[in-house]
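With chain A's structure known, arrange chain B with the ligands on it following the hints.
First to last, the sequence lines map onto chains A and B.
The opening position of the first sequence corresponds to residue 1 in this note's numbering, with each subsequent residue numbered one higher.
The opening position of the second sequence corresponds to residue 1001 in this note's numbering, with each subsequent residue numbered one higher.
DEER-style ranges, computed between Cβ atoms:
| no. | chain 1 | residue 1 | chain 2 | residue 2 | range |
| --- | --- | --- | --- | --- | --- |
| 1 | B | Ala1206 | A | Tyr235 | 34 to 44 Å |
| 2 | A | Phe126 | B | Asp1070 | 16 to 26 Å |
| 3 | B | His1164 | A | Leu130 | 31 to 41 Å |
| 4 | B | Glu1157 | A | Ala209 | 29 to 39 Å |
| 5 | B | Asp1255 | A | Phe126 | 57 to 67 Å |
| 6 | A | Arg317 | B | Pro1314 | 51 to 61 Å |
| 7 | B | Thr1194 | A | Ala209 | 22 to 32 Å |
| 8 | A | Phe126 | B | Asn1020 | 35 to 45 Å |
| 9 | A | Leu309 | B | Ala1206 | 37 to 47 Å |
Note that these hints are calculated values from the structure, not bench results.
Note that beta-carbon positions come from the ideal geometry of N, C-alpha and C, so glycine has one too.
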Amino acid sequence: MALWLLRRLVQAGFVMLAMSAIVFIGLHAIGNPIDILISPEADQAERARAIAALGLDKPLWEQYWLFLQGALHGDLGRSFVFNEPALRLIAGRMPATLELAVTAVLLSVCIGLPLGLYAGLHPNSFTGRLVMTGSIFGFSLPSFWVGLMLIMVFAVTLGWLPSSGRGETISIAGVGWSFLTVDGWRHLLLPALNLALFNISLVLRLTRAGVRETLPLDYIRFARAKGLTPGRVIYVHVLRNILIPVVTVIGLEFGSTIAFSVVTESVFAWPGMGKLIIDSINVLDRPVIVAYLMITVALFVTINLVVDLLYTLLDPRVRLGGRR
Amino acid sequence: MIDDDFHQDVASTLTLDIRNLHTHFDTRAGTLRAVDGVNLRIKRGEIVGLVGESGSGKSVTGFSVIGLVDPPGRIVGGEVRFQGRNLVGLEEEALRQLRGHDIAMIFQDPMMTLNPVLRISTQMVEAITAHEIVAEDEALERAHDALASVGIPHPEERLRDYPHQFSGGMRQRVAIAIALLHNPALIIADEPTTALDVTIQGQILAVVQRLVAERGTSLLWITHDLSVVAGLAHRVAVMYAGRIVEEGPVDEVLDHPMHPYTAGLIASLPSHNRRGTRLAQIPGMAPPAHDRPTGCSFRPRCARATAECEQDPPATTPAQGRSLRCFNPMPAGSQGGRA
Ligand SMILES: Nc1ncnc2c1ncn2[C@@H]1O[C@H](COP(=O)(O)OP(=O)(O)OP(=O)(O)O)[C@@H](O)[C@H]1O
Ligand SMILES: [Mg+2]
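Only chain A is shown next, with the shape it has when bound in the complex (with noise of 0.2 Å):
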C-alpha cells in the first residue's frame, strides 16, 4: 500500500518534469512576454531593465533550472503581470473553480443517477426513451451555446437567476465561498448547470446501461427468489454494482470538469482559474500558467488516488497493491 502510494508519487513528479518543460519550450517558440507587457513607446534601457527584472535576459535552459530551483522550495515564480506569487494567485482563485466544478458533479449525479434508473428500469416507456434522446443533446450541444442559452432563457427573458459574477459570498479561512448564501446559490446554479449538462448525459447514460445489463444477472435474480422487496433489489444489490463504474467515471471527469470550466466561467463571468488562465495565456503570463498546468495535475493526481480508494471501498475484489 505504502510502496502503492509512492509509486503513484514518483509518477506525479515525473509528469509535472515533463510538462512544465514542454511548457517552457513552447512558449519561447509562442513568442516573447516582453513584446506584450511593456508599450512600444519604453526605450531601449527601460526594456533591458524589464527583460532582467523578469529573468527573461537569461538562456531559456538557465530560466528553467532556477524555476526547478524555486519549484523545490515551493515557489513556481512570479506572475509577470501582477507582480505576485503566481501560486497564491491562482489560490486566490481555486475556491471559485472548485465550488462551481463540485457543485456541476454533484448535479451530475443527483440528476444522472435517478434518470438513468428510471430509464434502465422502463426502457420501453415514453418517459424512458424522452429521456435518452436528451442525453444525446448533453452530449452534442456546445457548452459555450448552452450557457450562452440558460442566460437567454432563466436570465434574460424570465429574469428568475443572474447571469454574472458569484454574488455574495462568506469567507472562511481567508476565501470566499458561494455556496453558503442564498444569493450565492442563485449565482452558481446556471453556471454549474452548463458545466454539468456533460456529466448529466454520461452518468445517466452509464447508469442506464449498467442496470440494463445487471437485471438479468442470476444474482438479482436470486435476490428476487429471496423475496426480497422491489426497492431492495435496485437500491442496494443493481445500484451497488452500478457505482462502481459510475464512482470511476466520474472521478476521472472531474479533472475534465475543472478544465471545461474554463469556457463557463468565460460565459458566466465567473471569477475562478479558468477565467485567469485564458488571461494569462493571452499575455503569455508563463510563471501562472506553468503554475496552473502544476495544480491541475496534482489535482488529477489527487483525484485518482480518491477513486482508487473509493474503488476499493465499493468493490470487494479489487485490492490495492496487488495483494491477494
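Chain B with the ligands in isolation, oriented as in the chain A frame:
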C-alpha cells in the same frame, strides 16, 4: 376417473400441483411456447427430477412457479397450485412473501448467484428480514447456524467474507443455506450441480438429500443429467419441447421407459453403453420453440412415428402412478436395465 380418485386422496398432501401451465414469450420471431401445457405434481417431502434437453422449458417452468418470468415472457394459461392455492395471477407483493419463505430457489451457476459486492452476512440477513421482523444479532445467529448446517467450516468468520473468497462448491452450499433459512415447503433447484465437478457434486447432493429428508421439504430438481436423478429423486418427469412427455417413479421410468424420447435419453447415457462401442444418440435436434411440428413435437426424430402422431397425443395413464404422451409407446420389456 382413476385420476380423480387419486386427486382426492393426495390433495391434502400435495405441495405443488401444476395444471396445464402455458408460459409464452412474445418475440419478434413469433410466440415462443416455452412451456406448453405442463402438468406436474409434487407431494410433501417428495423429490421430483425434471429432465430434458437444453431449451425444453425446464427453467421457465421453475420460474413460472414463483412468478419470476420476466417480460417478454408471461404465463398465458393454467394453474400453479401451491398448498392448494393458485399462484397464477397473484399480486406481486403476495408472491414476494412466498418467495424465499415458502418456495425457495437455487440456481445453476454458484459463481453468479451471490452478489459480488455484498458480504455473505448481508445477503443472508436480508433474506431473513425480508420475511420476519428480527433483531440483527438474532438474524446473524440464524445465518451462522444455517451455514453450519450445510457444512461450511468456521461459519462466524465466513459470514464476514465476500463471495469471491469462496470456492464454487462452497458458494453453492451458501446458496442452499439461504434457500433453507425459512424452512420452505418447496425448493426449486435449477441444475444446481451442473457447474460443479463430480466430487463436489456428490457432496452437494448428499447435503441436499439429508436436509430435505430431515425437514420434509419437497424438491423439484431440474437437470439434464439422468444419472443425478436416478440417485436422488423419487419421481422423474421428462420434458420435451415445452411438455412433459413421460412421468413416473424413477426406477420404473428408467428401467421401463415408455416414451421413445425417454428411451433415447437413457440409451445415450455413457454408462449405459459398452466401452468401445459408439455412443447411442437421438438423431436430429429439438425443434426451436417458435417452429414446432403439429402433433407430437418429437415426431421428426422418432423411429416409431406414424401418421397418428400428427395429432396431439393425449396424456394417458399406462400404469398406476405413471403418465405418458405417446401413441406408440416402447414395447414392454424391450428397454430393461440401467447401468
Ligand atoms: N427471456 C427469454 N426470451 C425469449 N425466450 C426465452 C427467454 N427465456 C427462455 N426462452 C425460451 O424458452 C425456451 C425454454 O428455455 P429454458 O431456459 O426453460 O430451457 P431449459 O430447459 O432450462 O434449458 P437449459 O438446460 O439450457 O437450462 C427456450 O427455447 C428459450 O428460447
Ligand atoms: Mg435452464
